[in-house]
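In this text, residue positions in the sequence shown follow our numbering: the first is 2, and each later residue adds one.
Keep in mind that the hints are not guaranteed to be accurate.
Unchecked claim - Below, in silico cross-link-like pairs of lysine to aspartate or glutamate (DMTMM-like), each with a Cα-Cα straight-line distance of 25 Å or less:
no.	residue 1	residue 2
1	K380	D367
2	K305	E366
3	K145	E370
4	K145	D290
These are calculated hints, taken from the structure and not from any lab test.
Computed from a prediction, not measured in an experiment: that's the story for all the values here.
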Amino acid sequence: PIHKSSGARNDIQFATKWKSVGPRLWNTPSRDAADATYHRPATEMSVGKSFASDDIDINENALSSEKSSSSPPFPIVLWRFTRPHTLIGSAIAIPSIFLLAAPTYASFCTSRTLASLLYAVVPSLLMNIYITGLNQITDVEIDKINKPELPMAKGDLKYSTATAVVLACLAISLAMSVAHPVFSTMGLQVALWGSFLLGTLYSLPPFRMKRHPFLAAFCIVAVRGTIINAGFYSHALSSAYSSGASAISSAGVLSCLLNDWKCGLSSLFFGVFGIVIALMKDVPDADGDRKFNIRSFTVRLGQKRVFSTMKGLLTGLFGVYGVGLMRWSTMTPMTSVAVRRGLVGLCCWAAGWTVNRESRGVNAEDSGEVYNYYMYLWKLFYLSYLALPFVK
Numbered sequence: 002p003i004h005k006s007s008g009a010r011n012d013i014q015f016a017t018k019w020k021s022v023g024p025r026l027w028n029t030p031s032r033d034a035a036d037a038t039y040h041r042p043a044t045e046m047s048v049g050k051s052f053a054s055d056d057i058d059i060n061e062n063a064l065s066s067e068k069s070s071s072s073p074p075f076p077i078v079l080w081r082f083t084r085p086h087t088l089i090g091s092a093i094a095i096p097s098i099f100l101l102a103a104p105t106y107a108s109f110c111t112s113r114t115l116a117s118l119l120y121a122v123v124p125s126l127l128m129n130i131y132i133t134g135l136n137q138i139t140d141v142e143i144d145k146i147n148k149p150e151l152p153m154a155k156g157d158l159k160y161s162t163a164t165a166v167v168l169a170c171l172a173i174s175l176a177m178s179v180a181h182p183v184f185s186t187m188g189l190q191v192a193l194w195g196s197f198l199l200g201t202l203y204s205l206p207p208f209r210m211k212r213h214p215f216l217a218a219f220c221i222v223a224v225r226g227t228i229i230n231a232g233f234y235s236h237a238l239s240s241a242y243s244s245g246a247s248a249i250s251s252a253g254v255l256s257c258l259l260n261d262w263k264c265g266l267s268s269l270f271f272g273v274f275g276i277v278i279a280l281m282k283d284v285p286d287a288d289g290d291r292k293f294n295i296r297s298f299t300v301r302l303g304q305k306r307v308f309s310t311m312k313g314l315l316t317g318l319f320g321v322y323g324v325g326l327m328r329w330s331t332m333t334p335m336t337s338v339a340v341r342r343g344l345v346g347l348c349c350w351a352a353g354w355t356v357n358r359e360s361r362g363v364n365a366e367d368s369g370e371v372y373n374y375y376m377y378l379w380k381l382f383y384l385s386y387l388a389l390p391f392v393k
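Full structure from sequences and hints, please.
Pasting the structure below:
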């Protein structure tokens, strides 16, 4: 009896102790816990949290490693950041303007002309990178909607890196405009400093001229028409084809624009073409512009109306210049000049026809379709500059 009573007491003590210790060993809720919490020791809780934290860190590191391994190389990111189609446009435009300004085609093929051309192309391309890069830096949130494939919107290029790139390009470009005693002409300075000023006002707060459609249109006409064409035309005459102080003084930007029909008509043509390209670019960007209160013509008038108007304007531009070139071809006594102008006039009519042909089936409210059409217009822009020297 005494042994039995002692065993019972031991069983009761063991059960009582197991009731409190068991849940700790097996990490199960205590039956006495009314709030269904765990009676887990603090050290065990911290160890569990540590394991969970380690798992999260491992997962984050894996994702970061996967993202970095999938990111394109920096040179490719930088190339995309430059907006290559605009860069190519500038690279084609300046040699064509030099050829247009040349007294003869043979005078273009001299060491002095090529040196002057190179000295104009390099800072021009750098200025192009500054303008397009600044626009991307100030429009990151908008581009996440309109152009998510751009490097900054996609996260492939950091803000600090992009800023360093555009500032370096700006500094070198403006320095070249004043550094050389012969090639740093007034025409080059007008082209580079004018592009810098209007490109900055177009994108940078608090000015943001792109928010106002008429001011934005003024910037585009001024840069694509007057500043680039007249500026580099004047630079070509002054640095490559001049032969004295009187020739240099007569090669001022305003003088070229008003007194030289080749400079004036080419500036007008590419100024209007620049308007078409700029406003057509806004058509697929309507959603982002509307959300961020960029009151472009597309946001104000609608995508279909702007698309149709720009298509008609470009068709008319090619048609009018085609008629003019065909008429001029009959007024010149030189057969070679007549043939060249006649062929370019026919090409203008053909280009106007393709503007309408390529627009068939394009839904003005479909961003992808409009963007493809917009890039086709850039091809016509390149071809127009390539044909420019043949109208002399």
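Hint-by-hint comparison with the structure:
Note on K380 and D367: the hinted pairing holds, with a Cα-Cα distance of about 21 Å set against a maximum of 25 Å. For the given pair, K305 sits about 7 Å from E366 by alpha-carbon distance, which is consistent with the 25 Å threshold. Using a Cα cut-off of 25 Å, the hinted pair K145 and E370 holds, with the two alpha carbons roughly 19 Å apart. At most 25 Å may separate the alpha-carbon atoms for a hinted pair to count; K145 and D290 meet this at roughly 11 Å.
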